[in-house]
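J.: In order, the protein sequence lines correspond to chains A and B. Every letter in the first sequence is one number past the one before it in numbering that gives the first Met the number 0, and letter 250, counting from 1, is 249. Every letter in the second sequence is one number past the one before it in numbering that gives the first Met the number 0, and letter 2, counting from 1, is 1.
Worth flagging that the hints you see were computed from the coordinates, not collected in a lab. Quick caveat, the model's predicted, so the values are computed rather than measured. Please note that a few of the clues may not be correct.
[Unchecked claim] Ranges between beta-carbon positions, derived for each pair: (1) Met0/B to Arg614/A: 28 to 36 Å; (2) Tyr638/A to Ala56/B: 55 to 63 Å; (3) Ala11/B to Tyr638/A: 13 to 21 Å; (4) Arg24/B to Leu640/A: 24 to 32 Å; (5) Phe51/B to Ser610/A: 51 to 59 Å; (6) Ser610/A to Ala56/B: 42 to 50 Å; (7) Ala11/B to Ala603/A: 29 to 37 Å; (8) Ser610/A to Leu9/B: 43 to 51 Å; (9) Leu640/A to Ala70/B: 30 to 38 Å; (10) Leu633/A to Ala70/B: 55 to 63 Å; (11) Gly641/A to Val59/B: 53 to 61 Å; (12) Leu633/A to Met65/B: 25 to 33 Å.
Even for Gly, the Cβ is constructed at its ideal location relative to N, Cα and C.
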Amino acid sequence: MVAPTQSIAAELLRWIPLIPLLACLLNTFFGARLGKRGAGLLASFAVGASFAIALYIFWLLPASGVIRDTLYTWIESGSFQAKVSFEVDALTAVMLLVITGVGFLIHIYSLGYMGHDEGMVRFCIYLNLFIFFMLLLVRADNLLLLFVGWEGVGLCSYLLIGFWYHDHTNTIAGNKAFIVNRIGDYGFVLGILLLVTELGRQGIWTVDFAELQKHVQLLNPNMITWITLLLFVGATGKSAQIPLFVWLPDAMAGPTPVSALIHAATMVTAGVYMTARLHFLFLLAPATLSLIATIGAATAFFAATVALTQTDIKRVLAYSTVSQLGYMFLAVGVGAFSAAIFHLFTHAFFKACLFLGAGSVIHALEGEQDMREMGGLRSYLPTTYWTYLIATLAIAGAPFTAGFFSKDLILWQAYSSPLGSHQLWLIAWVTAGMTALYMFRQFFMVFHGSCRADEHVRAHIHESPAVMTVPLVILAMGSIFAGWLGTPEYLWGSRWDEWLEPIFGAAAKTHAGSAGDEILLMQLTLAIVALAILLAYFSYGREGKLPRNLSSFAWGAPYRLFFNKYYVDELYDFVIVRPFTSCSRWLALVFDPGVIDGLVNGVAKGTRGFSLIWREIQTGNIQHYLIGFLIGTLGILAYYLGQL
Amino acid sequence: MVPLNYYLILGAVVFAIGVLGVIVRRDLIVVLMSIELMLNAVNLTFIAFACFLGSMAGQVAVFFVMAVAAAEAVIGLAIIISVFRYRQTLDLQEMQLLKW
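Just chain A, same shape as in the assembly (with noise of 0.2 Å):
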C-alpha cells in the first residue's frame, strides 16, 4: 500500500524534468518575443520550479524509500522491457537536489552574465534542455533511459562549448568535446549490450537496476570485469579522466556559466554517478576497481600539475575539475561510493562557486582571461574577492570547510579501505598539496599584488550586479556547510553515510580504522596544505613581486612539462588525430573515387558495352521482327512434329 504523499510525490516526480523541457521548448518557439529578459526568466522560473518539488520530494522520501513514477513502456520485446521510468532513491536525491539547486543559482547567475549577449534566447534553451537531459540521466531506473539522458547532455555540452561559434576555435572545441565523448560512449555503449545479453544469457533479459541488481550473481566474473571495463571506459570520457581528459579543458572555450554548471558540478559527474548506480557490478570486479584507483589518483596528480602552470584563469579551473574527478574515480576505485558522491556534493558548490567568481572577474575585466594581466582586483571586487576566498579555502581543504571533510575522507578511504594502499594515498595527499598551491596561486595572481590589467580596462572594473553576486553568496555559504553532513567520526559522524547506506549498504561504510590514525592522516593533510599556501603566498602573494612563472625556479625542464600539459594533445595529434585524418583523405581522395565510384561506373559500363552488341538485333523494322517470330514458330513445330 502505497501512503497518499507518496503518490503525490511520484505525481510530481515526472515535472522535476518536464518543467525545463516544457520552458525549452515555450523559448524555442516564442523565445524571441519574450526577449531576453523574458527568456532567462522563464528559464531560471522553470529550474526554480524543480528545485523546490525536488525538495519537496527529499522531504517526503522515506528513509530507505524509493519513489517510482512509470510513464509508459518504451521498449518490449519478448521478455525484455524497458520502460520510461523515474525512480527517486537516496542516491538520486542528492544529485536532484544539487542538479537544480546549483542550476537554479547558475541560471540567475547568467541573467546578469549573458543578459547582454545577443544568443540569450538560445543560451536559456540549451541550458534548460541540458537540465532535462541531466535530470533524465539521474532519475532513470534503467540503463537505456540512463543512456539517454548520457547522450543528451552530451549534446548540450557541444552546442553550449559552441555557443559563441562566429569563433572558430570555439567550434572546434565543441568538436573535440563531442568527438572525444564518442570514443567514450562506444564504450559504454559495448559494456550495455554485453551485461544485456550475457544476463540474457541466464535467462534474465532486463535494464532496470533493481532487476540488474538482483540477478547480479549470475553473471561469469571474467565477463563482470569486461562489462565495468567497458562502462569505465564511458565514465572517463563524460568525467574526463585519463585517457580521455583532454576535451575538458578546451572545453571552456564556452561562456562561464556553462563551466560552472556543465563541466564542473553536474555533467563531468555523471561518470561518477554511473559507478556509484552501478556500484553493485563494481564491486564484484575488484580488478577494473583497483584500475579506476590508480586511473583516478593518476588522472588528480597529473591534471593538479598541470594546473600549477596554467595562465588562463578558467584552464586552471579546468584542470582542477579534472583533478578533482580523479579524487572522486579514485574513491570509487577503493570502493567508498559513498566518499565519492560526497565529495562529487561539496565539489559541486565550491567548483561551482570558483568558476562563477572567475566569471565575474572576466565580466568586470571586460572579457580578460589571463591572470598575468590581473592582480590586485581585491579591492574593486569585494564579494568576489570573499566568495572566491572562501571557495578557495573549500577546495584546498582548509579545516572546517566542505573540502576538507570530503577529501580527507577520500583520502582516509584510500589509506585504510582494504582495496586502498599507502601508494594510492601518497599520491592522493601529494595532491592535495598541489591543489592548495595552484588554487592559492591563481587567488594571489587575480586578487592580491598590483593590478596589471592596463589603464582602459582598469577604469571600468566593477563589481558584478546583485543578479551574480547572491548566487556567489550562496555557494559560497555551501562551499563552507555542505562538508558539515558528512564530519568524520571524531567529530559528530557522518549524516551522510547514513543517508545513503540504504543504496551502498555496507560498501557506504566508513571502514575499520583507528580515529587516532584518521586524525594523524587529517594532520598530515592539513601540514602539506598549509606548506603549499605558504610557498604559493611566498611565490605570488607579496607586493609586487611576481615571477613570470614557475620556470624561474631551478626546475625549467618539468615546467616545460607541466605548461605544455604534458605535450597529451600533440601525442594524441601525432598518434591518432593525424594518421586518422591522412587515412580519411586517402579514402576521399583515392579510394572513393578509384574504388568505390570505380566500381560503380564499371558495372555501369560494363551493362553500357554489352548492350552496345545486343542493341543490334534492334533494329526497329518490323519484317526482321517477323523472321525471328516464324523462325521460333517453325522450331516449335519442328519439335512436335519430331514428338509424333
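Since chain A is already given, all that's left is putting chain B on it; use the hints.
T.: Okay, now just chain B, sitting in the frame of chain A:
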C-alpha cells in the same frame, strides 16, 4: 474426287507465299494483301477438312474468318491511308520507330 492432301498442299503453299510476302515485300499494301492471302489459305484448309469430315464447324469458322478479314481490311487500309498522309511513303524500311 480430288484427295484431301492436294487441298492441304495448296493451302500450305498459298500460306507460305503469304508469309514470304509479309516478310519480304516493302510495300505496306502488298504486305496487307499477303496477310489476306494467308487468311484465305487457312480458309481453304478449313473448307477442305469440313468437306472431308462432313462437319459444318469448319464452314462456320470460315465465315468468322471472312468477317474478321473484311474488318481487318477496312481498318488496315484506313491506317495505311493515314500513314501515307503523315509520311508520304509506304515503304516499310522507312518505318523504324520501334528502334531504341
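J.: Indicate, hint by hint, whether the structure satisfies it.
T.: Hint check:
1. Checked against the hint of 28 to 36 Å, the pair Met0/B and Arg614/A fails, with Cβ atoms roughly 56 Å apart.
2. In this structure the supplied range 55 to 63 Å is violated for Tyr638/A paired with Ala56/B, their Cβ-Cβ distance being about 28 Å.
3. Separation of Ala11/B from Tyr638/A is about 19 Å and conforms to the stated range, judged on CB atoms against 13 to 21 Å.
4. Restraint check, Arg24/B to Leu640/A: a C-beta distance of roughly 28 Å satisfies the suggested window 24 to 32 Å.
5. The hinted range of 51 to 59 Å is satisfied by Phe51/B and Ser610/A, whose Cβ atoms lie roughly 52 Å apart.
6. The beta-carbon spacing between Ser610/A and Ala56/B, approximately 49 Å, falls within the hinted interval of 42 to 50 Å.
7. One distance hint, 29 to 37 Å for the beta-carbon pair Ala11/B and Ala603/A, is violated here, with the actual separation near 50 Å.
8. A hinted range of 43 to 51 Å holds for the C-beta pair Ser610/A and Leu9/B, which are about 46 Å apart.
9. In this structure, Leu640/A and Ala70/B meet the distance hint of 30 to 38 Å, their C-beta atoms being roughly 33 Å apart.
10. Distance hint check: the CB atoms of Leu633/A and Ala70/B are about 29 Å apart, inconsistent with the given range 55 to 63 Å.
11. Checking the proposed 53 to 61 Å range against Gly641/A and Val59/B shows it is violated: the Cβ atoms sit about 33 Å from each other.
12. Taking the beta carbon of each, Leu633/A and Met65/B are about 27 Å apart, inside 25 to 33 Å as hinted.
Violated hints, listed in ascending order, are 1, 2, 7, 10, 11; each of the other numbered hints is respected by the structure.
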